[in-house]
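Enquirer: Chain residues, written in single-letter form:
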Amino acid sequence: MNPTFTLRKSINDCLNDSTIHSCCLPLYSHAHRPLTYSPSDYNNEFGAVVQAIAQNSNIKTRNNLIGPSVASGPWSPEDVWNTGFIENHASSLSALAVEQ
Amino acid sequence: MTQSYLNSASLAQQAGKPLLMFETNTASCGGFPGVSDSFGAALWAIDYGFQMAYSGFSGALLHVGGRSAFYNVSFKPSGSCDRGSHKHD
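If you read the protein sequences in the order shown, they are chains P and L.
Per the numbering used here, numbering through the first sequence is continuous, rising by one, with the last residue being 367.
Per the numbering used here, numbering through the second sequence is continuous, rising by one, with the last residue being 97.
Looking at chain P on its own, in the form it has when it is part of the complex (with noise of 0.2 Å):
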C-alpha cells in the first residue's frame, strides 16, 4: 500500500467530517522513518502535506492542522521551532501543539 495514499485518504476523511474538531497527523518516528529524519525533515514534510491539501479539492478546510506535537524527546519543541515551522505553517495551523 502506497504509504502517501493512506496519509492522502486520512486527512482527506477527516478534515471534511464536520463532526471533528481538528485532525492531527501522527508522523511518529519511532515507526517508519529513516534513523536521519531531522526537525528540518517535519517541517519540509509538513509543507508538502498543506500543499497535497492544496492541490485537493474534496478537502474544503485547509487551515486547520495542527504541529508538530513533539513529546519527551529526541527532539524539543525548539528543535521545531528553530526550523521556521511556525512562520513556514502559520496559515495552515490553527493551533500549537506539545506533549508530555
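Everything labelled a hint here was simulated from the structure, so no lab data went into it.
Computed from a prediction, not measured in an experiment: that's the story for all the values here.
Idealized CB from N, CA, C, for every residue including glycine.
Treat the hints with care, since some could be wrong.
Claimed, not checked - Partial selection, computed: residues in chain P whose CB lies under 8 Å from chain L:
# : residue
1 : L302
2 : V317
3 : W348
4 : A362
5 : Q367
Please arrange chain L on chain P, whose structure you already have, making use of the hints.
Expert: Below, chain L without anything else, positioned relative to chain P:
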C-alpha cells in the same frame, strides 16, 4: 511541569495560535492501573490543568486509550479503536 514550555507559549502568542497540550496523563498512553484511576490523580490533573492555563496553554487533552486500555475517563470508544490506535478525549 510546564517550565520547559514557556518559550513555546510565548511563540504561540506571538503567532496568534493557541498552544495545546496534545497528549498527557499521569502515565503513558491510557495510564497505569492504581495510578491513573486514583483520586489523587484526579486532583493532580486539575492542578496540572490550572498550571498549564497559567503558563499560556489554551487547552489540553488527557490521553485515553482504545478498547485495550484498562481505563478510560468517561467512555470506551467502540468500533475501530484497538491497540495501536487511540482517540483523544
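Enquirer: Give a verdict on every hint.
Expert: Here is what the structure says about each hint:
no. : hint : verdict
1   : L302 : 22 Å, violated
2   : V317 : 15 Å, violated
3   : W348 : 6 Å, holds
4   : A362 : 4 Å, holds
5   : Q367 : 5 Å, holds
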